[in-house]
Structure formats: structure tokens, C-alpha cells
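*Asks:* Protein sequences, first through last, are from chains A and B.
My numbering puts the first residue of the first sequence at 236, with every later residue one more than the last.
My numbering puts the first residue of the second sequence at 236, with every later residue one more than the last.
Because the hints were derived from the structure by calculation, they are not lab data.
A quick note: this is a predicted structure, and the numbers were derived from the prediction, not measured.
Some hints here could point you the wrong way.
If several chains are the same, the list does not tell them apart, and a pair holds so long as it fits within one copy or across any two.
[As the list claims (entries may be wrong)] Using 30 angstroms as the maximum straight-line C-alpha spacing, the simulated DSS-like pairs for lysine-lysine come out as follows:
id : residue 1 : residue 2
1  : K498      : K1010
2  : K560      : K1128
3  : K536      : K657
4  : K923      : K1128
5  : K536      : K395
6  : K743      : K560
7  : K873      : K912
8  : K534      : K589
9  : K824      : K885
10 : K477      : K1135
11 : K1135     : K478
12 : K387      : K560
13 : K589      : K1128
14 : K1013     : K743
15 : K1015     : K589
16 : K560      : K657
17 : K589      : K976
18 : K824      : K536
19 : K824      : K872
Listed below are the residues making up each chain.
Number of protein chains: 2
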Amino acid sequence: MEQEQRRLTGSFSIQDSIQSLTSSLGSQSTLLSSCTVSPAAERLRHILREEDEPTPTLFTEMDTLQHEGGEMEWKESARWVKFEEKVEEGGERWSKPHVSTLSLHSLFELRTCLQTGCILLDLEGYSLPQIVDDIIEKQVQEGLIAPELREKVSFVLLRKHRHQTKKPIHRSLADLGKPSPSNRSPSPSPSPRSGSGFHRSTEDLRAHQSGGLSKLHPSQCRSMNDISVTPSSDQLKNKFMKKIPRDAEASNVLIGEVDFLDKPLVAFVRLAQAATLGGLTEVPVPTRFLFVLLGPNGKAKSYNEIGRAMATLMVDDLFSDVAYKARDRDDLIAGIDEFLDEVIVLPPGEWDPKIRIEPPKKLPSADMRKSVLTLNELGQPNGNAGGGGASAEDEEMPAPHELGEELKFTGRFCGGLWLDIKRKVPWCLSDFYDGFHIQSISAVLFIYLGCITNAITFGGLLGDATDNYQGVMESFLGTALAGAVFCFFGGQPLIILSSTGPILIFEKLLYEFSINNDIDYMEIRLWIGLHSCLQCLILVATDASYIIKYMTRFTEEGFSSLISFIFISDALKKMMGTFNYYPINREFKPDYITSYKCECQAPDQVAFNTSSPLGLENISDYSMFNFTALDWSQMTKKECLRFGGSLVGKACKYVPDLAMLSFILFFGTYSMTISLKKFKSSRYFPTKCRALIADFSIIISILVFCALDYVLSLDTPKLHVPTQIKPTRPDRGWIVMPLGKNPWWMCMASFVPALLVTILIFMDQQITAVIVNRKENKLKKGCGYHLDLFWVGILMAVCSFMGLPWYVAATVISIAHIDSLRMESESSAPGEQPQFLGVREQRFTGILVFVLTGVSVFLAPVLQYIPMPVLYGVFLYMGVASLHGIQFWERMKLYLMPAKHQPDFAFLRHVPLRRVHLFTLVQIICLAVLWILKSTVAAIIFPVMILGLMVVRRMLDLIFSQHDLAWLDDILPDKDKKKKEDEKKKKEKKKAKADEHNNSDEECC
Amino acid sequence: MEQEQRRLTGSFSIQDSIQSLTSSLGSQSTLLSSCTVSPAAERLRHILREEDEPTPTLFTEMDTLQHEGGEMEWKESARWVKFEEKVEEGGERWSKPHVSTLSLHSLFELRTCLQTGCILLDLEGYSLPQIVDDIIEKQVQEGLIAPELREKVSFVLLRKHRHQTKKPIHRSLADLGKPSPSNRSPSPSPSPRSGSGFHRSTEDLRAHQSGGLSKLHPSQCRSMNDISVTPSSDQLKNKFMKKIPRDAEASNVLIGEVDFLDKPLVAFVRLAQAATLGGLTEVPVPTRFLFVLLGPNGKAKSYNEIGRAMATLMVDDLFSDVAYKARDRDDLIAGIDEFLDEVIVLPPGEWDPKIRIEPPKKLPSADMRKSVLTLNELGQPNGNAGGGGASAEDEEMPAPHELGEELKFTGRFCGGLWLDIKRKVPWCLSDFYDGFHIQSISAVLFIYLGCITNAITFGGLLGDATDNYQGVMESFLGTALAGAVFCFFGGQPLIILSSTGPILIFEKLLYEFSINNDIDYMEIRLWIGLHSCLQCLILVATDASYIIKYMTRFTEEGFSSLISFIFISDALKKMMGTFNYYPINREFKPDYITSYKCECQAPDQVAFNTSSPLGLENISDYSMFNFTALDWSQMTKKECLRFGGSLVGKACKYVPDLAMLSFILFFGTYSMTISLKKFKSSRYFPTKCRALIADFSIIISILVFCALDYVLSLDTPKLHVPTQIKPTRPDRGWIVMPLGKNPWWMCMASFVPALLVTILIFMDQQITAVIVNRKENKLKKGCGYHLDLFWVGILMAVCSFMGLPWYVAATVISIAHIDSLRMESESSAPGEQPQFLGVREQRFTGILVFVLTGVSVFLAPVLQYIPMPVLYGVFLYMGVASLHGIQFWERMKLYLMPAKHQPDFAFLRHVPLRRVHLFTLVQIICLAVLWILKSTVAAIIFPVMILGLMVVRRMLDLIFSQHDLAWLDDILPDKDKKKKEDEKKKKEKKKAKADEHNNSDEECC
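Modelling step: build the complete structure from the supplied sequences, incorporating the hints.
*Replies:* Structure (C-alpha cells):
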């Protein structure tokens, strides 16, 4: 009874809803009800609690009634998947998806509409005419419309629906003759309207409405039912379909002005089963909900706003649940009230309603909203949603640093290794088929070029250091072998193995030592390798890798930034090297060109004969007898020097153009790659095209600048790979014998240097693994620290036997590998931001990279077209790119920003700026020290220094509060534990209190 | 009585307000009231109508009660000038200004608070204690608090206020020892809290509150009144003061939880006179409003939100007016209701309330909101504010194309000229002192470099074309003379005069003609100049410039883009020229350096003697006798060629490095300028610093690359200006005699070519003037088309007499001039976007540029360090920059964008994309035709072609509807008139209708 009365007066229930909204300021004596849980929430909790199956997603289409050219039709005016897309009236196009900004006014009006209109829940409907009949019947029954209007209403509701579909551009030329663009249906009225084309639509509207339906009726009797029964081919072909989830259902909102009504007619229909109602919806999605609002003339805008409010409600996660499960009118009203309670309000003076708000990057999940509703018992007051000023969430701590169970100390023999294998086995198939994607091609080429450049650089340096015992050829073979095996069997196949600086320095020192002490280098190296392998295996067996969980963001970012800086500085150094290698003649004046020359002068005969008998031997294959008659002026530079001639002339030591061109190639490759990466977020070209360009940016840049180099055909330094498989030094074979050349005790003594190598490898390998396995990368297949180390150890032994260099994870290239395999969701609902989904985790790209490296020998003819400066540019890019997203780097930039311009980082909201700066400063000093160490011989203990970083981090506990560290870094594990316990205790306390509170609340209810 | 009852129950008035909100859906029978104007609006109209003086701006500060270390104090937690700035709890800093997102909930709670709390309007208050006493007295009177609580409330309200002031960074080191950062006041309690630093504040709160005030009272009796009476020095020194308008008054919001109340205590106070209440406010601004909300424990967050809602209301333009003028409680409530009615609502599922919304670029003006309220008679329904979906404003037309009264046809002799002078005279002083600004330095240097580069380029070309009758020297002098005079006396001193392409071609043709027909070039040129001058003066006298009002955006943008493209292509061509001038030796291999040489070979003696007696003559000043003994190998290239030697060798025709370096300088200057310009919107460095860098970007880039060039000390082409003032050709003087050398009828006949020159000059000059005077540039001092043309004519005659080139406005340099003088407002309220205010309109920079040009002769030693490629880079930048903001260019970019990524241009909302594309296509074709014409001899009639563009535009009227053209272009004047008349008629009709409508509405009220 009360409910009935409420419906008729419509005012009581408004008061009710506002009371539910204002209830949380409970103790105000003048307020009637004062409990924490509002009646609306209470009601919803009842219907939503019985949560068995999720409701389908709703696609909402809003059609408005148009009176055009004497006919009426429904025209699509907006649609919602998640965000609103509006039909731009003049533009005949979809607007960009935007957040639906509603007016509070229209929401209240909608609330009134639902309170007074007719609600049909679980109507058995299969066709639109039948549903329309049912609606009208109900309206007449409830006395909301006069029975004589039946026909008219039915006629209006069954008019044809015209949907906004894209028009092909090529129509534009065909349209040339038509002066009035939006006049698509051939207009039967010959009125001279072309002159005053503006305001036409409103004019029409008014003209036809003043005449009204009565005039139209006779001429339009050809069909009461204008709407098609089956979906048209247009509907079926609509590409928009793929933006809508497969199980979606539609809700249709119909809004119109008619002249025969004197008060609005409102109907909300939920069908018992979703049904495809012919041409009602733009896409062939079955309709479940129907909202009709027909009203008298003159309030089109108001109706429109109500329709938008309804449509926005229908796509709201919470309200759509309510709509599906509502038992009666009051459930729907409660749904609106709950919606209103969570609504965010922008003050009119601070925001222009005309601005279309772009969809946010991240949205609060609907589940949380639902759970807040159903788990209200925790005593949380309603209406917490309200914005930037809420302070309770500020007290929250960031999510603790979780390294996952991979690093748990099992305490069993090989326990960690066993778990790693168990974790990896289920993925062994998908590890391959996940790799089949176009992105992989780019990743493979990119990483391949990085790897061979590295192999050549390090090969060259190793060759110099070891008198070619290990040269470029060994470097290539070793890279291919170690890399391929690791990618095939390793725990984290995204890691790329490579030679690293510390190993290089170790080899150099070892070689010098063995030469000085007359020890066979290859043999002692083999023993060191074997010992190191053994030590690695012991570390694996004892789960020693677990200690790296003490490595927090401080250490990890310190290490990786340092490596990135080294990469960048190396790239720049190499580039600068070309300026020394190809010196520029700065004194050159075009006018004095005649004085610039370089001539080969024959050596002074006497001096020559006495001084260098070696030189004579060398040229013994040349015609000795002809020696004095040699044409010195025809000799090339090399020949001249070989025969002992000297180069005389101003031009000799200069090389024109090459240094400049190298710089252009270097810088061009780098900046083009950066620009193309950025191109992904530009406005041009379709999304897919841009994604492709961004993915292939580095390959495109390399190709472009190789082409430029080729066109200029200057003799820039090129990538030269060995063309034959044979040891660089002819006096060594492919197998190193373990015994024979050195005294027996050497085998034992090599245990000591091996220890250094083991630490070196352990640190390098595992820090890189931690960086690769960062939470931000969203890896799903788990990692395998123990398995990784196992294979690195084994490969160490194998490489030692074959006399190949040792390999360990390369930080920067591994990061580049991951970056080139990033996956983003194709945005589903229009306006939703594509989310970073994770990395294409597979073994395919890695293996392919190293197989290619192996066969590079045969690719030499192609590779020789690639200029080295281009590759240095790629290295520079890799170094810079690996700095992205490192918090340390972001914090360093803060030094240069005035406080008010600083980005809204979470840690800045919680930690005073001066503490942030202090923390950054400590980090910078640490890195500076490491950098200096790295530049000296101490570089060999460089990875050990990382342990030093961890000690520094420990000491920071004394300077910074745990609160600050939790935001800037992570809490160290034991502290973490302590903290958790504290928190647990607190929570219990809190709960007890909340319960108490609740009880008292319930009493007051 | 009714009102009294309402206050006590508090529920009736809520219903009332919602009814007022839902009233516009008027014909719903169940709604009680149904007139268009809600009671709230009606009420506000009454108080706001008596609008005599504007109310002061309000600065709002919100302080919350903190219980720290056993003491209570008020701590500033947020402030509002226009947008909200929050104190970041942990960060101890101000957040960025953001839009206050409120929850609807808190607004309703606030409404209830104001309905039930105590309202003191026009309280006579001079000190805080007295005001507090008054508040408490009223509360006790109304029975809202128990009398025994007086003391406690008063004690709490008079605690000290601590304001958020910036802490200097250098404290960070001093803070090293303190583990807990936010613990600023020395904590007296020795509790071991450092270990569990998180949640401390909540803990404290709870701990101290459970103990309660009773425990604190005895120890704190030292003063009931903790607050200082006079503003502290901190307050007075606060730099934030300058962000607050001078006449501002403060409103203070005090929010606190106390344990002795069992229901909230609310007070809203308006003082009769604003009074400085000691340390209450952060800045020494007198307080006018005070809102106090003290409540029982446990709802801090809720109170906080209510406080934010109140503060946001106080800074709302409309509500603050209401607050100043409210007569009673209901006026305030009506103010809230009106605010609620205009509020913009974001659905919770589409927006994350945690996102802080950046202040919008543009805000709807408050006046409009007020006028909507007071002029509601027009029958506009309330609640139109609601968002992106409103369709009525879509029907509006863009603002019509207004060229202003400057181009009115006066019909009087020299009427236009006279008006121009009258318009300009009042500014004659400010035209100079407005120029004293640091920005001017950058502008002068930039434009100066542009001008002299142009003078040299054109001077060189003119010299070639006229056999040095007009050379570089003449070009310099002419530029200086004409430019300075024009800037001093001209109508639009922002226009920069320069030689232009068509004039160059005309001179070339004229010179060829006079040589072929044995006519004295200088004399006939003088006559043409005189005729042209006369014709210009006739055009001025007859107000002929008015015809350019037929030049719409189509023509104007077509012309300026074309000029920009020419600029860009010229810059690139010149750059490419250096590659030809300094050819690169592509076959060069470092190894073959010995074979690259260039030797000077003595000519074959016999051939030499017979073939070139001229050559002999030339070298007669050299020691003839020594001829055969000349050391040919020691000669420079020039000498060698001079003596008739030939250069032999592979290296002769190549120049190393210079081309590459030129490219690096060219491209570097360009891209560095672009980057530095963009730097303005970066986050680094303070705003002023960035603005300076952006303003001086071009100068910085030029200096950097000049320095690079200097360091490399390569012989790149440099800027060489003449060093002596004398005519380029020795056989001409500085004055040309009008008669004597040519037959007398020539004086008359030159009338015909003069006609061409006049059209040329007229078009070039006036289109540039239109572009400079564009509405977007927000010029304030008016323009002077007639005055401009007058001076151009006069200068024409002067230049002809002196034998200097003719000058006319240069589009691109003029645009660059304007761009370098842009003014932006220093943002007043935090968060408000700086607005483009206009251009520093003055004669100072222009005059200085040309004075500098005049004395360039003496600056030669400095200027010779500037490499030409750097200047070409500047030209490229000028060309590209002048394309900015041209709609045509934006529309061209649309071709490459998929529809969904296209920016939200107004015209795209109103015109179908295919029509936009068609329009752009027409424009592109026109430009292509012009480009082709320009490349042929027809270039001479190039400006006449602009007339062609205007004809094309006319024809577009046949293809496009006026509606489309209004959005894409402008309506042509006569059409415009017609349209306006149409509109007027329509408006009248509408008004009649609306009146009718209103009447009926009023009846229903």
C-alpha cells in the first residue's frame, strides 16, 4: 500500500533516496534514519548476494525520433559499450569515445521517470510489435495514457531505425552536386531550402510538428510496421561487432518528441530472454532491455539527457547487474540511488561541460565496487568515492615486494632446481607456438643485430687480449652455442647470454699471468672453467640463489642503470672513435686544394737495406729484382707502408667525409628509432599500422640508414663477420685437452680464481634475471633462477673445453629483448586504453637469434652492407631505452623540476621531497663510485661491488624510516615480515573495533 | 513558522530542493510543481538582481584539527583560489592544483548541515575569540549544544593554526638523523614508535582521542587562546600572496573531530566587514566567511569531504555571490541547489575518483552562468549544463568573419586613411614604451638575422639579374630605409618589409627589355616607380583596400601556406645547393689516398700563346719575364686557373667534409630550435626560465651551431655583408635623374608596366596585412590598411629615386615577427592555464631591426662567423612555424588520420568528413596550380593569381552549402548579410514563440 501511494505521489520516494544518501552523518539528531548501511545498499545486497553467474555485458544504443521530410524515423544518436560515442549531427560520424558527463538534473528526472513510468520485468517478448503492444497495454491499464492513443503510440514506436554507419570517402565526389550535405533521403518536398541551409533541421522539426502526426497519418498508412523483422545485411556486416564481447546483449533506449501526448510516456522493459528484434539495433546483438521515453513537444533536449542518463546507467557494471536481477521497481530505484551515491561531481565553475573527457587510463574494477556493497559489514561509511581529497587511502602502504616462491629456500638438495623444472615443464609446448607472431620477426632481427655486433666487438677485444686464442670466430661460435642451449633449456628464455666486461678483464689478466709464468693459457682456463662450473652446481644444489631476495629496487635499479650508462657511454665512445679514426682536415680550404696531397716516397735506399731485413723477407714474393724500379707513386697507402715507403703530404693523415657521415648515420639511426617508437601514440594511420611501425622501428631505421649509406657509397666502416669456420689462431684446435702442459697442482690451484669467476657470473646472471622477472613485466610462465644458473654452469664447462669465451646474462640486451616482445591488449570497448598484457614469453625468438648468429658466417655477403655507426646508434638506443621506467631515473629528473611541475608519482604524495632527493643522492654517489671502480683494474671485482650496494641499502635503514623506504624502495625481507606481523595485529584490533562500532550502529537502526 | 519547522525536521527542505531540481520535466502529472523556473532560481534571481558592485574574490583555506603529541592544533589541509590544492600528507607539499571532485553524498550532507546548523550573517566581528564566543552563544541559544561545553568548544576553536609552508631543500641533510619524517614538532612522548612508522598518525589519533580532552585539559591551561592576534611574519612573507587577487577576502573552513560532542556542531559565519583574524589564514587576507564543523569521533573522512564541498562552494563564482548577498538560511540553501543543478556528474564506472583532474584550458565564464540565472525569461529549461550530449549548441554557427571597421568603405576622399591615422595616433607613445621587454631582444635578433639573410640572398639575385645595378649593398640600404620608415609611420608596424620573388622577376624582365631596346634601365625604372606610387595613392584615396574583405580564410590560408611552402622549399634547395657546391668524393677509399691529388699543370705553352691573348693581358701585372719559371705546383686553385693552368687529378672537383658539416649545421639549427620551442611545455626548470629559453630558442640554436662551426674551424660558407657603403656598380650614384636618357614618351608609357607592379604590391601587401591582423592574433591597436599602402607607395617613389629595390610586406617574416612577440598571461590562480593575451604591438622592434640592418656594414666582423647553413636552418624553421595554426594545414593532415583519431575540431563536428576532404582537395589543387605557375615566367602575375583564388572561392558557393562553408571558411560578405537578416527574422520568431511559451508556463505556476 505504502509503495502504491509512493508511486502515485512520487515525492516520498525522493525523500527516501536522499535520506539514504545523507545517512552517514548519522548522529545529526534531525535526520530520521542514521545507520551506516543505507536502505538502498541493503536492498541491493539482497539481490546481488545471490551471485551465481555473471551477467552479460550490455551494449546500449540510443535512438531518437526524427521528423524528416514528412516522415518519422528513429535515428541512432549515441551508443555505449563502456564509454559514450555520439553521432556528430553535422559531421555524420561517430565522436571519439568519451566519459558520459551527465547533469545531476537528468539523473533525478530519470529517477522520477522510473518511479512513475511503467516497468515490465521479464516480459516474454520475441518481436518488437508484440513488445510494443504489451507496453501500450500496460500503460493503458495503469491509466497512464488514454486508450485512443494506442494506435498513434504504436505507429511511432514501430518506425524504421536508421543507424549511423560509416560512409566511404569515395562518395565525396559523387556528392558534388548536392548542396545540402545531411539531406540523405531524397526529399519529396520541393521547398527552396538550399539558401538557408543552417537551422534547417530545427526548422523542419518545428514545421512538421506543428502540422503534427494527424497530417502525416493518411499518407503513411502503407505500413503500421516499418521495422524489418530480421537483421539487415548492413547490421550483419557491421565491423563494430568485434568491439562488443561475444556474449553481449543489447539495451535500447528510444527517445522521442510527439505532439499527441500531453505528458511523458515512460516504459522500462526487461525481456525474459534476449531476442533479436530486427533492425532495432545497429549490430546483430539480441536485445534484453528497452527503455522508451516519448514526451510532448518542446523538451527534446531534456529527454535526450534523460536518455543519456539511462544509457549510462545501463552500461554501469553495478546498475546493469541490478537491472538484470531487479525484482521490482524499487530495486531499480535503489540501483539508481547507489549509483548516485558513488557518482563523482565536478563543480560547474571549475569545469566546462562541453569538454569531452577522454577515457581514463585505468578504471577502478567493478568487482571492488560490488564487494564494497556486499561486504559493507566492515563498517566503511558510504560515499567514500569522493575524490582527490580522501585521506584514508593515503595511509596505505604500497604493495610489498614479492619475489614469489621461486626464491624460497627449500632446504632440500636441488629443491629449487626441481621446483624450477616442475614450473617450466607445463609450458614447454607453448614456449614454441607462442613465438609465432609478426612481432617476433622484428625482435629476432633487432636482437640478432645486437648480438652479432656485441660478438664482433667483444671478439675483437678478446682477440687483442689473448693474442687471438679467442677471437671473433670463437666469439661467434660461442655466442651461438651458449645462447641457443640456454634459450632451449634455461629457466628464463627471455634472457640473452653475451660476453660481459668483467669476464673480458679476467681473461686479459689471466692471459698475461700465464704468459709471464709460462703456463699454458688454454689449459688453466679449462680448469678454472671446470671448477667454476662445479661451484655453480653447488650453488644450484643448495638453493643459494635465494639470497638475491635481499636485492631491493635500490640495488636492482642501481645495477641496471649503471649497465645502461655503460652502454650509452660505450656507444658514444665508439662513435667518437670514428672521429679519431677518420680525422677531419680542419685547415682545409677549397682554394688550396692543389697543396693537399699524399705521396708515397721511396725509402732512403741505404737506410732501408740496413735497417729492416725483416721487411725484405716479407716482400720476397714480389719481384725483388724490380725493387728499385717500383713505381712508388702508383702504390696504395698499404702497399707503400708495406714496402717501407713513407707517406708525405698534408692530406695523408686525414680522411674526408667519413667521420661526418658516420655521425649522421649514428645519430640518424638513434633519433629515427626514437621517433618511430613515439609514432605509436600519434594520430596518423590506423592503429595496427602504427603498432607495426613501432614494433619494427629499429629495423626500419637500420634499413633506412643502410640505404642512405649505400646510396652515398662512401667507404664507411662496415660490419665484417668471419666467412670461414676455423679457429682464429691456426695453432689451436676446437678441443682443449685438460692435462699435459701444466703441472698437476695447477688443476687444484685454479680453484681460487674460479671462485672469483663464480661470484662474477652468479651476480651478473641473477641480477639480470631479477630485472627481467620484474613484476612490471607481468611474466606469467614463472622464472627459474636455479635452472638458469645450472645451465650457465654447464655451458661454462663446455665452452672451456672448446676454448670458447664464457657467457652470462647481458642486462641491456635482455631488456631490449623483452621490450621488443611487449603485448598490448587490442582495446575492446571503444575508448578503453589498451592495457599492457605482458611479454610474449617463448623460446622461439631466442633460439632463432642464436641460430642466425651461428650461420652468420654464411650471411656475411648481406651483413657487409651494414655500417658500424648504424649499429652504434642501435646500441645507444638500447641503452637509453633500458632506462625507461626505472624509478631511479625518474627521481633523478626530479632534481631539475620545480615542485609544482613534478609528475604525480605515488611516492611523492607520501614522502617529503627532500627525503626523496636524499635517497636519490645516495644512489647517485654509489653509482659514481662504481663507475670509477669500473674504469680501473678493479673492474674485475665489479659484480662483487653489487654486494656492496646491498650493504649500503642495509645502512639506509638507519637513515630512512621504513615508511619512506617502502615507497622509495622495498622493505628488506625480515623487516617485511615484522611489518606484516605488526599489520596483522593492527588489523585484528581494527576489526574488533569495527565490529563494536557496527553493533552499536545496528542498535541505532 | 513553516520555515522553523523545516529547520527542525530537516527533511521537508530536502524534498523541496529535489523538487526544484526535478521540476523541468514539467508535465509529469505526479510532480507537484511544474514551472520552468525552479523556486531556488527564483530566490536567487531576487538577491542577485540587485547587482550593483561585484563581490570580492574569495580565497578559501581548509584547516583540520590535528591531535599530535598530546596537543591539538589546526593544520592547513587544502586551499582554493580557483582550483583545489591539497597538502600531501606524507609528502609535506602542495599537490598540483586540480579540479575538486566531490562526492554527491558530501554535498547533500553539507546541505543538511546548513539546514540544521547555526547561521550567523553579518556578524560584527573583529577578533577570533569574540567571533567564537558569538558562535557558541548562538549554538547554546538554539539548543544545539549543552551550555557546559562552551569552554571546551572555545578551547578547541582557538588552538593555533599551522600552515603548510615550503621547506627549503637544504634541510634534508640536517634531517638525516631523524628516522620519522613527518614528526616535526618535538614529540614529548617517549614511545618507541620509530619501528612501526606507518599508521602512526592514525594510531596517535586514536590513542589521544581515547584519552580525550579531559586528560589534556589540565596540562594545557596555559592559554585558552593559542592563536596569535596579528599576522605572523611567515604570513606576511608568503609568496603565495601574489597568486591571490588584491581585493580578495578569505573564507576559512575549520573541520575537526572531538570526543566531547555527540552530534556535529555546525556554524556558518559571514562577517559584516572582512577582518584579519591573526594567524587564522595562511596569507594576510582578511577573513569574511567562517565555516566550522566539529563532530564526534570516527567520521573524520566524512567531515573532511563536507569541508571540501563547502570550500569548493565558496570559490564557486555563483555561490560566493549568493553567500555575500544571502538574506537568510534559505538563500544559502537555494545557492547550493542552484549549484547542484549545474553540477557535472561522472559515472563511477567510467572514472576513477582517485584521478586528479587537471584544470581545463578554458572555462565557461561565470557571467554567463549568472546571466542564465537572471535572464531565465527566455524560457530556457534548467539543467542544460549537462555535457557532451547536448545538441542545441551544435546548431549554432561559428562566429562570423569580422574584418572590423578598418575595411569599411567610407565613400569619402581619403576617408579610410584619415580613420587609420585617427586610430593610430592615440597609441603613438605606447608604440615605443611597449617595446621595452626582454622578449624584444630575442625578436630583434631573430628578425634581424632573417632580414639580412634575405637582403643578401635577394641582393645577390638582383645583382645577377640587373648586372649589379642593384646589388647586395643597395639591398641592404633599401631594406634598412624602407623598413625603418614603414615601422615608424606605417599602420601596422608588425609588418616587415622585404624584397619578394615577383618583384625580382619583374626587375629581371625589365632589365632584359631595356638592354635589348637600348633604354636606360634606371630611368625607366624610376618612372615606373613614380607611376606605381601614384596609383597606390589613388587606391588609398579611394579606400580601394576595402575589397580585401572578400578575401576569406580560403584565400588567405591558401596564400600564406603557399608562401610558407616556398620558404621551406627554398631553404631545402639552398641546402641541397651546398651538396653541389661542395661535391663529395664518393669513390674515396682511405687506402687509395695516394692517388687522390690535384695538381696545377702549366698550360701547353704553344696553345697558350696562340689561344688566349686575353689571359695574357690579365696577368700583365705579374712578372711576365718569369712566366715560364712560375712554380706551378705551388699555386692555389684560383691562381692556377687565373694563369691559365689546368687542374689535373682525381681530387680536384671534390671538397671534403663541408657538405656534410653544412647539413649537420642546417638540420641541427632547425631541430634544436623546434625542440627548444617545445621545451616551454616541459616539466623541467621554473616557468620563467622555460619561457625565456623558448623565447630565445632561435638565438640559442644559432649561437650553439655557430660555436660548433667555430670549434671545427672548417671553411663552411659564411655570411658576408658588404663592408663599405658605396653603390655596387661604380658607374651609378645614389640619385637617379628622372629625365635625360630616355625619350619623353617613356615617362607616359611606363604607366602600363606600373599597373602590373601596383597590383603586385597591392595584393602582396594587403594579404600579408590581413594575415597579420587575423583575429587569432588578438591585436588591440587596430590596423591601418590604407596607411600601410600609403607608405609603401611613398617608399616606392623614394627607392626609385635612389635606385634601391622596391619593398613590400613579407608574409613569412612578418608572421615570425608576431610569433616572437606573443604575450601570455602569467597564470593568476594556481592551475589556471596561461592565456594568450595578444602580441606586443609596438614599433620599437621593427625600427631596431632595420637600424641594425643599416649598420650591418659595421657589424661585418661579427657577422662573418655565422655560417650560411645555420641561417638556412632558421629559414626552414620560419617556414614550418608559419604553417602552425593554419586550418588548411590541419585539414591536410586529416587525410592521413583514421576518423577515430582525428582531433575534435569544431568543423568536424558539423561538416561531414568527405565534404571537409573535398574542400581541402580543392585548396590543394589550387595551390598546386599556383606552384606550377610560380615556377614559370608567369610568376610575375603570381599575386594576380590570388584574385583567381578569390574567384574559385566564389564558385565554391555552388558546390558547398553555406553551412559547411561557414564552418570551413567564412561566408562571403553579401551572403553574410543575407544570413544575418535571415537569422534576425528567425530570432524574432523564436522570441515570439518563447514569450508565448513562457506565458503559458507562468500560468501553470
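*Asks:* Now, for every hint given, state plainly whether the structure supports it.
*Replies:* Here's how the hints hold up against the structure:
Taking identical chains as interchangeable, the C-alpha atoms of K498 and K1010 are never at most 30 angstroms apart, the minima being 59 angstroms within one chain and 48 angstroms between chains. In the homo-oligomer, the alpha carbons of K560 and K1128 never lie at most 30 angstroms apart, since the shortest distance is 52 angstroms inside one protomer and 49 angstroms across protomers. In this homomeric assembly, K536 and K657 never come within 30 angstroms of each other (Cα to Cα): the closest approach is 64 angstroms inside a single copy and 49 angstroms across copies. Within a single copy, K923 and K1128 get their C-alpha atoms only as close as 33 angstroms, which misses the 30 angstroms cut-off; across copies the closest is 19 angstroms, which meets it.
Taking the closest pair of Cα atoms, K536 and K395 come within 30 angstroms of each other only inside a single copy of the chain (22 angstroms); across copies the shortest separation is 52 angstroms, beyond that limit. For the identical chains of this complex, K743 and K560 are neighbours neither inside a copy (75 angstroms) nor across copies (87 angstroms), given an alpha-carbon limit of 30 angstroms. Proximity of K873 to K912 under the C-alpha cut-off of 30 angstroms is found in neither arrangement, the shortest distances being 44 angstroms within a copy and 50 angstroms between copies. Taking identical chains as interchangeable, the C-alpha atoms of K534 and K589 lie at most 30 angstroms apart only when both belong to the same chain, with a minimum of 20 angstroms there against 36 angstroms between chains.
With identical chains, the CA atoms of K824 and K885 are at most 30 angstroms apart both within one copy (12 angstroms) and between copies (17 angstroms). For the identical chains of this complex, K477 and K1135 are inter-copy neighbours only, at 16 angstroms across copies versus 43 angstroms inside a copy, given an alpha-carbon limit of 30 angstroms. Taking the closest pair of Cα atoms, K1135 and K478 come within 30 angstroms of each other only across two copies (14 angstroms); inside a single copy the shortest separation is 40 angstroms, beyond that limit. In this assembly of identical chains, K387 and K560 lie within 30 angstroms of each other by CA distance neither inside one copy nor across copies; the values are 32 angstroms within and 52 angstroms between.
For a Cα distance limit of 30 angstroms, the shortest separation of K589 from K1128 across copies, 25 angstroms, qualifies, whereas the shortest one inside one copy, 36 angstroms, does not. For a Cα distance limit of 30 angstroms, the shortest separation of K1013 from K743 qualifies neither inside one copy, at 39 angstroms, nor across copies, at 71 angstroms. In this assembly of identical chains, K1015 and K589 lie within 30 angstroms of each other by CA distance solely across copies; the values are 29 angstroms between and 43 angstroms within a copy. Taking CA atoms no more than 30 angstroms apart as the test, K560 paired with K657 passes in neither setting, with 45 angstroms inside one copy and 76 angstroms between copies.
Taking the shortest Cα distances, K589 and K976 never come within 30 angstroms of each other, neither inside one copy (86 angstroms) nor across copies (72 angstroms). For the identical chains of this complex, K824 and K536 are neighbours neither inside a copy (77 angstroms) nor across copies (77 angstroms), given an alpha-carbon limit of 30 angstroms. Taking the closest pair of Cα atoms, K824 and K872 come within 30 angstroms of each other both inside a single copy (23 angstroms) and across two copies (10 angstroms).
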